[in-house]
Amino acid sequence: MRRGRETLLTLLEAFVYDPLVEWGGGRRRRGTRHVRAARAMLAVRVRELKHGIGEVTDRLVALLPEVQQCADKWLEENDKLNAIETKLQECHQQMALIKEIESYGNNLGGHPLYAISQKYTSYKQAKNAVEDSMKVLVKILNDFDTQIENFVTTNEVLNGPQLMAWVQEFSASNEDDERPIFDHIQEFLTNAGQGSMLTQCEQAETELNQSMQQTNLLIRSCLELLSQYVAVSQYYPQSQTEYHRIATFRKFLAAALESKSPEVCRDVANQVTTMVNAENTCGDSQQIIAFNYRLQQLNAEANVHLNKCLERLQVEGGPDAIVAAQESYKEAKNNISNWVRTEEGAAGILESVVIGMLCNLNRRYLMLENGAQSAGDCLVDLTSREGEWFLDDMSALSMQAVELLSLLPLQSAAVEDAAMPVAVECVRNANLLLADLVQLNYNFSTIILPEALKKVHSEDPSALHVINELNAVIMNSPVPLNEILAQLELHFRYLLMDMESPAPGAQLLAAELRARYEALLSTTAEEGQSGGRMLLMGFNGLFAAVELRGRELTDHLDSPVPPAWRKIDHVDDALRMSAAMQRGTLRAVLEDMFLVRRVQTVAEVFAMCVQVARAARGGPVAGPAPPPYDDSALAKPVGRYVAEYVSRCVLGVPSRALASVLCLLLRRARLDLGAEVEQKEIGASWSVSLESLCEKVCRAGSERGASLAGGVVAARARLCRAAAAVRAADRARAAARALRLRTAAHAHLHAEVLNGSQESSAALSRRSRELSAAGERLASAAGRARSLVQSAHQRVKWGAGANPALRGVVRGLESAWGSREERARRLSGAASALARHARAAAALGAPPAARAQRTQRAARTLRTALAHWEKACALTQKYSLAVTPLEESLMEMLHPEGNIDAHWVETVSALVRELTQGVGGDATKARAQEAAASQALRRAADAAASPAAVRAALLPDLRAPLAALAESESPAAEFLERWRTATEKLNAIAAEAVSRRQVEAVSRNARTLRDDLPALLDALVELPANLSESGAGRAGRRPPSGAARPHGRHAGERRNSVGAGVWRRVRLKLEGRDSPASQAARRATPAEQVDYIIAEATSVENLCLMYEGWMAWV
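When we follow the UniProt record's numbering, the leftmost residue of the sequence shown carries the number 1, and every step to the right adds one.
Hints were generated in silico from the structure; no laboratory data involved.
We treat Cβ as the ideally placed atom computed from N, Cα and C, and that holds for glycine.
Please note that a few of the clues may not be correct.
What the hints assert, rightly or not - Computed spacing ranges between beta-carbons, pair by pair:
1. Thr-274 - Gln-296: 17 to 25 Å
2. Glu-776 - Pro-1014: 35 to 43 Å
3. Glu-149 - Arg-959: 50 to 58 Å
4. Arg-997 - Thr-274: 55 to 63 Å
5. Asp-942 - Glu-776: 53 to 61 Å
6. Glu-102 - Glu-149: 42 to 50 Å
7. Gln-168 - Glu-1000: 46 to 54 Å
Said to hold, decoys possible - Under the rule of at most 27 Å between Cα atoms (straight-line distance), these lysine-lysine pairs were calculated in the DSSO-like manner:
8. Lys-87 - Lys-925
9. Lys-878 - Lys-124
10. Lys-139 - Lys-124
11. Lys-871 - Lys-119
12. Lys-135 - Lys-878
13. Lys-80 - Lys-925
Turn these sequences into a full structure, and let the hints steer you where they fit.
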């Protein structure tokens, strides 16, 4: 065979490229049969190698701690050696400096160290004073940081979701608290004669239950107090809280510490004194009392208003008024639908009825619009006889019109007349615009205004920053906003009269204002969405929604009105009122005007909130008029904006749209409007009554239709009234609650002036102490119960070993105690956390007297520390020296009594030489210790190298099935990658480590492999079960047709990698190089190769690895 090896290899090479030969490898994907075979082979290999790999893994895991310990020891010794060598280098530098001094001889005064020695004593004293003072200041700073961190954590917990989670968890009863623990083992312990133990268990359970109940009650009480504190603290000014005082003191102290200047220290001390004096100033007592009295009045008025709203809601049907109204509305809609579907001609009758009702409704709407137009500037205060604002009545009438239109078959009308859907959509958009205006008022009163008051009262930095930015936008305008409005008004009037405007640049000014305002609304990625920015964006969003709806409405107003329709009274009246909305240029000017109004409204509301907050703090109020305390006055700017918007942009638009729909309906009813108008033409100022036209299409006998349509309208009106009553009740309830909180915050803030109660802070402090004690009692009771449960559990387990029927008792005891212990753990943890947060909240919301006492104590400590720091800084400036660390080390070695002399130089030289010798000896010892540690590391690595080699030798038995599965099975590929990574780490450990980086890698690899190797063994054992059948579905896929092919003798064919490996092994056998000995040295002779093959075939180790079904050992 050796003589003909070339022929054999050539023939075999042809099979390597034969596509019909499946070698089990290469790029070709295996079929399902091959994948299943590979899985089965892998399972067999894992079972065969499990024991061997487990032993090797155990050996490595046992050796790796020693490797890591030796590596860490070498690193430690290396650190010591580096430190000693650094010290030795410093000694050599000192000796060089001494030699330099000695070279001066008797002329030591020419050396720089001579000048240093003259002032070194004073310099050293100043330096020690600075270090001592700095230690004190740093300690104070650390205390401040700790307190600030506690306050911040408490604020995050109380103002975040954690507080609500605690409330939900501990407000409801827990059924597990009622489950007995020891009832399961009572019979067992009685029969076992352990009556005393049973009594102890029952006593421990009773004590534990009592402790849990007491702790739970205290937690509920503390949560209630904290909830009240959170609600009231939203109106606390930050400048008058404990957190602000500590943060300010820390800022002052950090500035003094950083500057190291006596002048800055004096300035900081003066700032501290000023701050303390400001906190001791109570403000204007008369103004505080008057403000509190006004708040009490407003509380009473808010409660009266709330009662009226609740009575109105009760009249409408109570809390379920909307549900009842919706059911009534659905019933009315079903009735009219059934009538139209069952009775012949009902659709026509219903249409004539709806036309008449819409005509009457539009007349009422026109009357309401005429009244609003004549009200002028008083429109903001215009109300109906029932006390409703005019806008609510307009919205209700508009909703009724939309409801009546919904009863008509508008789909067929759209087919006959294309103008009908446009007109109906205009009516609906007008209704939506009125609804948005109503929603603007409601959202402002219930969301924006309360949030603005909270943020301004609490001096939220982001809110105050946004208000300042808004004021800057207004102040930096080249023309005042009122002047811009005047120019826009003048421009509007001239455009309305089709005349040349004297103020054509007014819209440019408005455009510039819009750009600056929109830039203010936008946020950068660095700034993020702050609370103040989001408040401004939400406030602006209310106006932006109205503006967007108005644009949608005006898009439908461009449709022309036929000349004949203009002679109809409804159309004529509506067109006169909405003349400004008929032209796009005028609408653009109005949009600019209301942008300026929007900016003014937002700024005015924020200014009023700032004025109210200043008055609440007891500060001076700008202007002669008292601040607007009530919400109705604070909402007045928004009300004026809405009233003006309705007067300028809405009046006449809904009635015109509805009149156009009526005209289209009349035309659909075959009524010639042009002829009717021509018949009644009597002069220039005449008009045709729309009611008379509608009467001509109304049919007789429509009582049933009128009744059903009226029922739908009445049901819709009832639904609108119920929704309005619910909104009014919600608004009144929110206003009353906000006023109560503002009153409580004001009374707490000025408790000394108002002689108010200070129980909230004291109650929190008391509850904190009680919770701490209750938590300790609960932990003690749980510990005693745990020890008894463990003892009883052990006895029952012993009994269950002899009596299997007791296993259920064991499980019952474990379940009962597990749930009870978990509940006790949660109670104990919540009690500890709530005690800590309650203590911090009590400090944050401390009454003025207690806060002033703490401020005085902290200020005295701070001023004392600043005085010492000022003296130290003054000494440092007075005795400052330019001293290098090397020169200072010589001076520290021997303090001269005056100037340095030859004796001092000689003494220091001797000390340095002695120190150098000692350090040199230490360096020698350190090098020896490092060498010993290196040898120990080498021995440990060599000890781990042997099992690592054995482990690496086991991989070839797994490589074939794993390689076959890696193409289609991701777990196999992942396992191979993990095995390869672990092997690389083991090789790095076994290699000789000569540098610090290599030793650090050895330590790191040893530490990770201690966990990775057992996990890898577990992964190998579980790998056959984890491999899925997903690879079989991909087995038949062919490689892409455009894949690259090898060149040469078999160009255009695919070379199989596994086949190439087989060809290589055959070549090695034919060349006598298949044995390990022949590979290492020379080629084996035929006789030696035959002996090697026989030995391999009869090897016990190889036979053990063969498939057991072959029974090769027989």
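Results of checking the hints against the structure:
1. Thr-274 - Gln-296: 17 to 25 Å: Since Thr-274 and Gln-296 have Cβ atoms about 34 Å apart, the given range 17 to 25 Å is violated.
2. Glu-776 - Pro-1014: 35 to 43 Å: holds, 41 Å
3. Glu-149 - Arg-959: 50 to 58 Å: holds, 56 Å
4. Arg-997 - Thr-274: 55 to 63 Å: Between Arg-997 and Thr-274, where Cβ atoms are some 57 Å apart, the hint holds.
5. Asp-942 - Glu-776: 53 to 61 Å: holds, 56 Å
6. Glu-102 - Glu-149: 42 to 50 Å: violated, 56 Å
7. Gln-168 - Glu-1000: 46 to 54 Å: Roughly 50 Å apart at Cβ, these two residues keep to the hinted range, so it holds.
8. Lys-87 - Lys-925: Roughly 14 Å between the alpha carbons, so the hint for Lys-87 and Lys-925 holds.
9. Lys-878 - Lys-124: Holds, because 12 Å separates the two Cα atoms, which is no more than 27 Å.
10. Lys-139 - Lys-124: holds, 23 Å
11. Lys-871 - Lys-119: Cα-Cα ~18 Å, so holds.
12. Lys-135 - Lys-878: Within the cut-off at roughly 21 Å; holds.
13. Lys-80 - Lys-925: holds, 10 Å
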